[in-house]
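This is what each chain is made of:
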Amino acid sequence: MPLVRIPTPLRKYTQGQEEVSVAGTTVGEILTNLEGACPGIRERICDAEGRVRRFVNVFVADEDIRFLQNLETPVAERDEISIVPAIAGG
Amino acid sequence: MAALRAKRAVCVDSITELIGNTPLVRLHHIERSCPGVELYAKAEFTNPAGSVKDRAALFIVRDALARGAIRPGMRLIDSTSGNTGIAYAMVGAALGVPVTLVMPENVTVPRKQVTTAYGVEIIYSSPMEGSDGAIVLARELVERHPGRYFYPDQYSNPANPGAHYATTAPEIWEQTAGRITHFVTGIGTSGTVVGTSRRLHEISPAIRCVAIQPDDAMHGLEGMKHLPSSLVPQIYDEGVLDDTIWMPTDEGWDMAERLAEEEGLFVGHSSGANVAGALRLGRELADRGERGVVVTILCDRGDRYFVPLRWERNYVW
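Keeping their order, the protein sequence lines are chains C and G.
For what it's worth, our numbering labels the leading residue of the first sequence as 4, then goes sequentially.
For what it's worth, our numbering labels the leading residue of the second sequence as 1149, then goes sequentially.
No lab work stands behind these hints, which were simulated from the structure alone.
For every residue, glycine included, the Cβ atom is placed at its ideal position computed from N, Cα and C.
Each hint should be verified, as a subset may be incorrect.
Only pairs whose alpha carbons sit at most 25 Å apart, straight line, appear in this in silico DMTMM-like list of lysine to aspartate or glutamate [to be verified]: (1) G:K1260 with C:D67; (2) C:K15 with G:E1253; (3) C:K15 with G:E1409.
Some chain C residues close to chain G (C-beta under 8 Å, calculated; not the full set) [as the list claims (entries may be wrong)]: (4) M4; (5) L6; (6) R8; (7) Q18; (8) E21; (9) S24; (10) G27; (11) G43; (12) R47; (13) C49.
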């Protein structure tokens, strides 16, 4: 199953887990299934229309999905998905 | 013909002497939404390395040199999300102090390039751990190699708020001719808001000093810290603050866009959030039919945040 890497500010939804294995063949599917496993997390990543929030970056195998096919981006069985927030202060 | 700008020093011995004494800009277009209230922003992007962090970096390094804390052969090391790193890089180069920076790997490419240009060494921490991950890694490196590094720790160093106590606050007082009623700015290390507020309250206890924090742990206001979910900086002192505004990312981003389009000020998102906070205070005053002079900080310029263009999209991390 693809592996989703969870940033610190979202780990309260994953019981502190840094990585979660989630089934799915596209980023959109995986985010939906991630929400099933970790209720509340999707709203922090996506806006009310279901689009990835403009300040959140989602990467599939080190490539920003904005430069791929956004939520339609295909995800292979062994891919790693990273959710990367902005950087806090200092 | 009117002069282009108020007189500034024209010849100095070191770039570090150009830090501070930044201009205050009135936000005539934004303040139309709060009649009777004047909004001003301090143009910290005019500091030589381009951000408000030049002040803290200079005071921190000067203090360390004065105390003999940086001995020959030692490198300054600190963790940073970007701007402090660029400021350390400039001050270090100018004063002959070698610099090592620990940054989360997902800092913007321009920041990596700028710091590298000054000849600093960069060590990357995990992009998933944010700036707290960089703090933890810097502490580990210092522990592992005692004697190699001087670790000023901007989050705990009194010279950080001390810079704003000594310079930013008196400058604002003078630039507003003592008319300032409100000071508001975001928390990164908290150095700016704590140092400036402490001094302003001493000068005139009636001035209301307000901090801004992102409204959620998962936010997009780069450079700002959501303290309830972060390592709280040792220099943070709630006692000098009158209030805190919890700022949504979108409100800050929208204001950053307005500042560029309506005021000609192309600034970063944290500056957008600061002005959005200032406007909230301004509206509260206007709604009550009160007048006021609200001052905030423009931390840096927007071009520090350009994302890579499509053909440059190979991220380093």
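Evaluated hints:
1. For the suggested pair G:K1260 and C:D67, the alpha carbons sit about 18 Å apart, so the restraint of at most 25 Å is met.
2. A threshold of 25 Å between alpha carbons decides the hint, and for C:K15 with G:E1253 the separation of about 22 Å falls inside it, so the pair holds.
3. Proximity of C:K15 to G:E1409 is assessed by CA-CA distance (about 38 Å); at most 25 Å being required, the pair is judged violated.
4. Annotation: C:M4 was flagged as interfacial toward chain G, and the flag is violated, the nearest CB pair being 19 Å apart, outside 8 Å.
5. The beta carbon of C:L6 is not positioned within 8 Å of any beta carbon in chain G (closest approach about 12 Å), and the interface hint is therefore violated.
6. Annotation: interface hint on C:R8 holds; nearest CB of chain G at approximately 6 Å, less than 8 Å.
7. Taken as an interface hint, C:Q18 does not check out: its beta carbon lies about 15 Å from the nearest beta carbon of chain G, beyond 8 Å.
8. The interface hint given for C:E21 holds, since its Cβ lies 7 Å from the closest Cβ of chain G, which is under the 8 Å cut-off.
9. The interface hint given for C:S24 is violated, since its Cβ lies 16 Å from the closest Cβ of chain G, which is over the 8 Å cut-off.
10. The interface hint given for C:G27 is broken, as the beta carbon of that residue sits about 20 Å from the closest beta carbon of chain G, more than 8 Å.
11. For C:G43, the interface hint is violated, the least distance from its beta-carbon to any beta-carbon of chain G being 11 Å, above 8 Å.
12. The closest approach between the C-beta of C:R47 and any C-beta of chain G is roughly 4 Å, which is under the 8 Å cut-off, so the hint is satisfied.
13. At about 11 Å, the closest approach between the beta carbon of C:C49 and any beta carbon in chain G exceeds 8 Å, and the interface hint on this residue is violated.
Hint check: violations occur at hints 3, 4, 5, 7, 9, 10, 11 and 13; the rest are consistent with the structure.
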